[in-house]
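Novice: Just so you know, the sequences run in chain order U and Y. Residue numbers 13 to 445, in my numbering, belong to the letters of the first sequence in order. Residue numbers -6 to 136, in my numbering, belong to the letters of the second sequence in order.
Since the hints were made in silico from the structure, they are not lab data. We put the CB at the ideal spot given by N, CA and C, even for glycine. Keep in mind that a hint or two might mislead.
To be verified - Partial list, computed: chain U residues near chain Y (C-beta under 8 Å):
{"id": "1", "residue": "V388"}
{"id": "2", "residue": "E390"}
{"id": "3", "residue": "K422"}
{"id": "4", "residue": "V424"}
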Amino acid sequence: MYFNEEFETLPRPALEALQLKRLQAVVERVYANVPFYKASFDKAGLRPADVRSLDDLQRFPFTTKQDMRDSYPYGLFAAPLEEVVRIHASSGTTGKPTVVGYTHKDIETWSELMARSFMAAGAHRGDIIHNAYGYGLFTGGLGAHYGAERLGASVIPISGGNTKRQIMIMQDFGSTVLTCTPSYSLFMAEEARAEGIDFKKLKLRVGIFGAEPWSEAMRGEIEAKLNLSAIDIYGLSEIMGPGVAIECIEAKKGLHIWEDHFIPEIIDPATGQRLPEGERGELVITTITKQGIPLIRYRTRDITSISYEPCVCGRTHARMSRMSGRSDDMLIIRGVNVFPSQIESILVGIEGVEPHYLLIVDRKDNLDTLEVHVEVDEGLFSDEIKMLQLLAKRIEKEIKDVLGITCTAKLVEPKSIQRSEGKAVRVIDKRRF
Amino acid sequence: MKVEQISIFIENKSGRLAEITRILGESGINIRALSLADTSDFGILRLIVNDVETANRVLKEKGFTVNKTEVVAVEVPDRPGGLGAILQTLDTEQINVEYMYAFVERCGGNAVIIFRFDETDKAIDVLKANNFSVLAGERLYSM
Chain U
13 MYFNEEFETL
23 PRPALEALQL
33 KRLQAVVERV
43 YANVPFYKAS
53 FDKAGLRPAD
63 VRSLDDLQRF
73 PFTTKQDMRD
83 SYPYGLFAAP
93 LEEVVRIHAS
103 SGTTGKPTVV
113 GYTHKDIETW
123 SELMARSFMA
133 AGAHRGDIIH
143 NAYGYGLFTG
153 GLGAHYGAER
163 LGASVIPISG
173 GNTKRQIMIM
183 QDFGSTVLTC
193 TPSYSLFMAE
203 EARAEGIDFK
213 KLKLRVGIFG
223 AEPWSEAMRG
233 EIEAKLNLSA
243 IDIYGLSEIM
253 GPGVAIECIE
263 AKKGLHIWED
273 HFIPEIIDPA
283 TGQRLPEGER
293 GELVITTITK
303 QGIPLIRYRT
313 RDITSISYEP
323 CVCGRTHARM
333 SRMSGRSDDM
343 LIIRGVNVFP
353 SQIESILVGI
363 EGVEPHYLLI
373 VDRKDNLDTL
383 EVHVEVDEGL
393 FSDEIKMLQL
403 LAKRIEKEIK
413 DVLGITCTAK
423 LVEPKSIQRS
433 EGKAVRVIDK
443 RRF
Chain Y
-6 MKVEQISIFI
4 ENKSGRLAEI
14 TRILGESGIN
24 IRALSLADTS
34 DFGILRLIVN
44 DVETANRVLK
54 EKGFTVNKTE
64 VVAVEVPDRP
74 GGLGAILQTL
84 DTEQINVEYM
94 YAFVERCGGN
104 AVIIFRFDET
114 DKAIDVLKAN
124 NFSVLAGERL
134 YSM
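The whole structure should be built from the sequences, with the hints applied where relevant.
Specialist: If you want it as structure tokens, here you go:
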């Protein structure tokens, strides 16, 4: 079942012709409207007219998250603000978020791509979509919401949290499709079991899970515990939000990237050279239809591979394999992007803290946990317990205020955090994806 | 009239207390009074020793976080109500006791209690004005 059969099954030559036409248009548009791109293309000695084939894209410079931060907040916008109808943002390492703007047409495109994604996952008109992604600056909630409406399904905009209520509503409203992070789905299953509620008696049929990495083993666990078919979805706010790519329910083998709107490439993160089909490397995406903030060769930092093999579902769009890591040190904790440097700058800001710290990420009861170990030196030490407890509370509060995640601060003796040769080990991630 | 106390930060893991007492013992330091305050994650060991400087130095050399704090040693009549009278006086003068612990040895017929106050100087003045005996550091270290 397709939402937009014509475009989802476009034969490859026609798809590539469409990509080229759209690529040429977007390169021209950013060159004319975004000073950053004019400067960057000029520096590389390139003109929009140099795009004669899809292969020419390789000659263009990358856009990075740092470029977006340097352009904070609106520097990369290609459309005037009066045409921007929505603004979303993701967290950034300096405490400043990465800002993205959507024109009315961008919202329409996003809604369609999310509707396509829902359909590919096996959802359809008449479904009751229980949307437990967070609503707000984060793109998950509203992205799935608009897509569900565009699909013609009934959407329950429940957002995250308040698990008991979520379970009650799934039971009473007869939710058939669940959208949330994979870890939250398992947390719900545990809560339901504690309440004596059997997920097998709910009407849920499909779960669409993303915003954090997960494994095939976890898929098996979710499918068994929630009694539904679990589908992996991919997206990032810089490119659009959820719905950049999704698995089809027919194959569940790789995520179709909506290639009539995005051109994917895989590069060697060290050299920047494009890698051949099937090789694992960093995903780079060029948006070819976006109006608000088109990006040329955006380095996602996500590690994956791409296959162009035909799929049993009939969609002609390339598939990326499950995300298997990051080419930078970003952590995804309960769906929130966290860079160790963000924690470091928070600790430096707390007077007297010697920022020798260690982040321990784990998964307990299916929820990510973060422990921040901070060495207590003479500048921090007090002979009063309450002062040290206040210090730990302050670290926890500032991390919550800046990053929006709950952590446990643990004060440890100086030199108890292992020093390593060269690059300091700042993170121990005990989760298995 | 103040007494120097050293405090050591200790993670709650086995062998740390033994390690500290071993280091002090090997350096010829005698512990006169001690208190251990603990939470689930860490503890603070507070000590009155016969040689504050050496104790401070040897523990720092071994990588411990150590600081020195001024506390007050008060002689308390060893009879019912002895401690109560002192605390009542402090309360009347609105002096807050951050923590307190007892000295190991007695001083004549009296017990000795170590106090940490929020306002150390004011506390000493109040105690003396009310005829309580505040012990000098030198006397304690050599008791």
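Novice: Evaluate each hint against the coordinates.
Specialist: Tested hints:
1. V388: 5 Å, holds
2. E390: Constraint on U/E390 satisfied, holds at 6 Å.
3. K422: 6 Å, holds
4. V424: 6 Å, holds
The structure meets every hint from the earlier list without exception.
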